[in-house]
Structure formats: structure tokens, C-alpha cells
Amino acid sequence: MNSKKDLLLPYCLAGILLVVSVLCYAGAAEPPEEPVRQMFECVAGKVLFTHNIHTSESGYDIACADCHHHPEDAEDSLACGKCHNLPEDGNFPQVCSSQACHGPDGDAGEIEIEVSDMVKKADALHDQCIGCHKENEAGPEECASCHVKYSF
Amino acid sequence: MLNQKKFIVSHAPFCHDGSRISERSYHTMFAALPAIILGICQYGAPAMGVVALAISSAMLWELAFNRVAKQPVSIGDGNAAVIGLLFGMLMPATMPWWGVVIGTMLAIVVGKQIFGGIGGNPFSPVAVAIAIMMLSWKGFFDFDEMLCSYELDFAMIYPLTALKNFGTDAISAISTGDLLMGRQVGGIGSTFGLGLIIGGLYLIIRGFIRWEISVSFLVGVFVTALLFNISDSAKYAGPVFHIFTGYTLVGAFFLATDDSSSPVNCIPMFLYGLLGGVMTVLIRNLGVYADGVIFAILVINLVNPIFDKIRPKALGK
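Chains E and D, in that order, give the protein sequences. Position 145 of the first sequence, counting from 1, maps to 145 under the working numbering, and the rest follow consecutively. Position in the second sequence (from 1) plus 152 gives the number in the working numbering.
In isolation and in its complexed conformation, chain E is listed as follows (with noise of 0.2 Å):
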């Protein structure tokens, strides 16, 4: 039963799987710059973000300052916890000062800001993502909506 000859194939067929995965492994492309959908994890259950039937054209069509929204004339589109976030140690959060607008206490610079100016991340989204819906009367506003209870 258990001569060379049997053991042939299946040696083959392991070896040759195993190194199809290791490229497909090796290979795989980074996901996409620009989110298509994001899950945000929280501790009120999971939320689902459809980045990409909110922005395109087929979908609700909302430019990306709408919701990327400073410095106005941004380039490129940061995530909001970049500067949502308020640092333990009452500094700015450092893209504040990288982007040259403001200095490493928020005073120098051209621009003065105050950190109690800056909401944290979950306020942003929440006063965002539910002040857009209501002002359209589309979109979820109720939290089971939002925050899913089951996730697998």
C-alpha cells in the first residue's frame, strides 16, 4: 500500500501547493490607498463604512473635503483619529505641526489653535457621519443602524 510509488503524487501535489501559496502569499497586493469600505472597531459594536458608495459617482456623490474637511485645500486625505486624538500630554497631535501650519504648541506658525478646540475621534465620526444623514434625511441616524450587535 505504502510503496514509493504511492507516496509519489501526494509528496507532489504538497510541494507544488505549498509553493503556489507562498507566492500568492509573497504577491499580494497592498490594499487600496484610498479605503473602498472600513470596518471601525469600537466597543459599541462594529461599524461598516461604505468609503466608496459614499464618495462615487453611482453612489451618493460626495466630494471628499465634505468629510476630509482641513485644511480646506488638502491634498491628500488624512484619517481623522490623525488629529482627532487628544495626546495624554495635552500636546498637538503631530500632523498639526508637520503640515507647517502651526507650530509644535499650536501658537507659533501662522495659524493659533487651542487643543480644547479638537474633538476626539468617536465625537468627529459620530457628529459627521450622523449630522450628514440628518441634514439629508438618508443614511442611518439610530445606533443599532450603525453599530452592528453580530459580527460573524
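Source of the hints: derived by calculation from the structure; they are not laboratory data. Do not take every clue at face value.
[To be verified] Partial selection, computed: residues in chain E whose CB lies under 10 Å from chain D:
| hint | residue |
| --- | --- |
| 1 | Asp-6 |
| 2 | Leu-13 |
| 3 | Val-22 |
| 4 | Tyr-25 |
| 5 | Pro-31 |
| 6 | Pro-35 |
| 7 | His-133 |
[To be verified] Chain E is nowhere near these chain D residues, computed Cβ spacing over 10 Å in every case:
| hint | residue |
| --- | --- |
| 8 | Glu-175 |
| 9 | His-179 |
| 10 | Ile-254 |
| 11 | Val-261 |
| 12 | Ile-266 |
| 13 | Phe-306 |
| 14 | Ile-349 |
| 15 | Pro-464 |
Note that the structure is predicted; figures quoted are calculated from it, not measured. Beta carbons: idealized from backbone N, C-alpha and C, even for Gly.
Assemble the complex: chain E is given as a structure, and chain D must be docked to it using the hints.
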């Protein structure tokens, strides 16, 4: 009493029809191919990588176990490859490589070899592995999250979680035709309803699996889902939806029919399948998991020895 008729058994040599375990294994893999090929077409190289790694790592775990336990090498029978393939079918295409390798280890070593290898496992090895993975790394089976970066030309929401969280309104856009043709989010080889049915029928016609189990499993799903649907059609989806989504078809044709963990007699087979179908829908509709197939199969595997007690009385007793 001396000249009472007895059964007559001729003595050796017997003739062997030439079939082996390996034949069954290769036919099972062949039957699963249509569904897997569609998955690979949809999700591309990552899906190919997951399936290939699942098969090869399952075979290598088996080989490693053979070596450690000083057994004859048993990867020739193809059973390890089948387990790897079925495991790969249930994965999302973006499963990290270490998840696949750990999963096949759970299937081969914990699910099968600990119990003495092929024919000795009380549970379907694939179901054991998936269940452990589901409980250990929930995120892996959140298809919405895992397949976040894919943009295919159909509704990119996992039907079962959409249903469970938002009710039947959320799935109204998904037609039965879409589900049948694999135009739904899910595991690599578990979305193509038509392909799985063809594969299952092939195995049934060739006599590799028992129709009693598969059919009664699907009947169990259908009837239970229908009852729920009648009671509240805004919350509970119809029977056809339940049959063509999640792991139902893979479960009915490939997992529940695993030979050593399913009954041998006719009535037990019907009861076994039926209970599996009923449990699947109960877990989906009342439990905390969007898909109940894996846990339902473990439950029926568990009660299988009791079903096996229902058997014809021995003559003369």
C-alpha cells in the same frame, strides 16, 4: 439442530474491487472544485494562496504526525488533502498564512489524529478546527471586515450578518439567483450554491456520500426556516435564503456526511441530518452567531452514538 441452515461465507482469497480510500478522497476533491474555482476567480491570487496552503499544510501536518507517532505515512490516502481543501473552502480569501497553518493543525492533529486517525474521529475534523478558530479569533470569520478591500459587482455585505443585525430589509436586494451563482460574500468555496449542489449530487450518485444525510439536513433547514419566516417575516428570512447562504450547502454535502462521525443506518441518518438542519436555523435565528452550521454539525456529531443505537434487532434476541 445440526443441519440448521447457516450463512455461508466463502473463504479467502476474496476479490477486491480495486477501490481505495484515495479514490474517495480524489472524488470528493473533484466534487468541490466548481465552487472553489469560482471563489478563486472572484477573489484572485489570495484565495488561491489560502486553498493551496490549506491543502499542503494539512498534508504536512499529517506527515509530521506520522513521523512523530512512528506510524506508516498516511498522506497517500488523500484524506488529509480533503480536510485541507474543505477547510480552505470555508475561509475568507484574506486569511493570514499563520491562521491557515494553525487551522489545518487543529483539523489534522486535534480533529483527527488524536482520535486514532482516519475512521476514528467522533467529530468532523474541519468543523472542529473552524469552531476553535471562530471562538479564538472572531475577526477571521467576520467576512465584512476580512473582505473590506474587495469591490465585486454584487452587494458586498455578508448576507447572514446583514440579516441578523438589520432584519430582512437589509437582504431584500439579494436575489436567489445571485446566491445560486455565487454572487454573495462568504468563504472561498462556500458561496457558489449551484456548484456545491452539482458536486453534492455527483458524490451521491457515485455513492461516496449518503443522500439520506444531505437531504434530511436541507429539509431540516427548510422546514425550520419556513416556520420562523411564517411567524415573523420582517425578522426571519425565508427557507431558500437559509439554504443558499453561509455554510449550509458545504455542511450538508461535505461536513455532515463525514463517514466516521455520522450514523450507518437509515432512520438514524434521517434523524441526524434533520437535527443538524434544525439546529442550524435555531442557532442562526435565536443564537448569537450569524451562521450556525459549524456548531450544528458538532452537535449532531456528538449525539451520533445515540442515534446509532437505533438499529434492527439482532436475530434471535
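Now for the hints, and whether the structure bears them out:
Among the interface hints, the one on Asp-6(E) holds; its C-beta lies about 5 Å from the nearest C-beta in chain D, closer than the 10 Å criterion. For Leu-13(E), the suggested interface contact is upheld, since its CB lies about 7 Å from the closest CB of chain D, less than 10 Å. Against a cut-off of 10 Å between C-beta atoms, the interface hint on Val-22(E) holds, since the closest Cβ of chain D lies about 8 Å away. A hinted interface residue such as Tyr-25(E) counts as satisfied when its beta carbon comes closer than 10 Å to some beta carbon of chain D; here the least separation is about 5 Å, so the hint holds.
Of the supplied interface hints, the one on Pro-31(E) holds, with its beta-carbon coming within about 4 Å of a beta-carbon of chain D, less than 10 Å. Because the beta carbon of Pro-35(E) sits about 7 Å from the nearest beta carbon in chain D, less than 10 Å, this interface hint is met. Interface restraint check for His-133(E): the shortest CB-CB distance to chain D comes to about 15 Å, outside 10 Å, so the restraint is violated. Every CB of chain E lies more than 10 Å from the CB of Glu-175(D), the least distance being 13 Å, so the non-interface label holds.
No beta-carbon of chain E is positioned within 10 Å of the beta-carbon of His-179(D); the least distance is around 15 Å. Every Cβ of chain E is farther than 10 Å from the Cβ of Ile-254(D); the closest lies at roughly 15 Å, confirming the non-interface assignment. With a minimum CB-CB distance of about 16 Å to chain E, Val-261(D) clears the 10 Å threshold, and the non-interface call stands. Every beta carbon of chain E lies more than 10 Å from that of Ile-266(D), the smallest distance being close to 21 Å; the non-interface claim holds.
Its beta-carbon lying about 13 Å from the closest one in chain E, Phe-306(D) satisfies the requirement of being farther than 10 Å from that chain. Listed as outside the interface, Ile-349(D) is consistent with that label: its C-beta sits roughly 25 Å from the nearest C-beta of chain E, beyond the 10 Å cut-off. Listed as outside the interface, Pro-464(D) is consistent with that label: its C-beta sits roughly 34 Å from the nearest C-beta of chain E, beyond the 10 Å cut-off.
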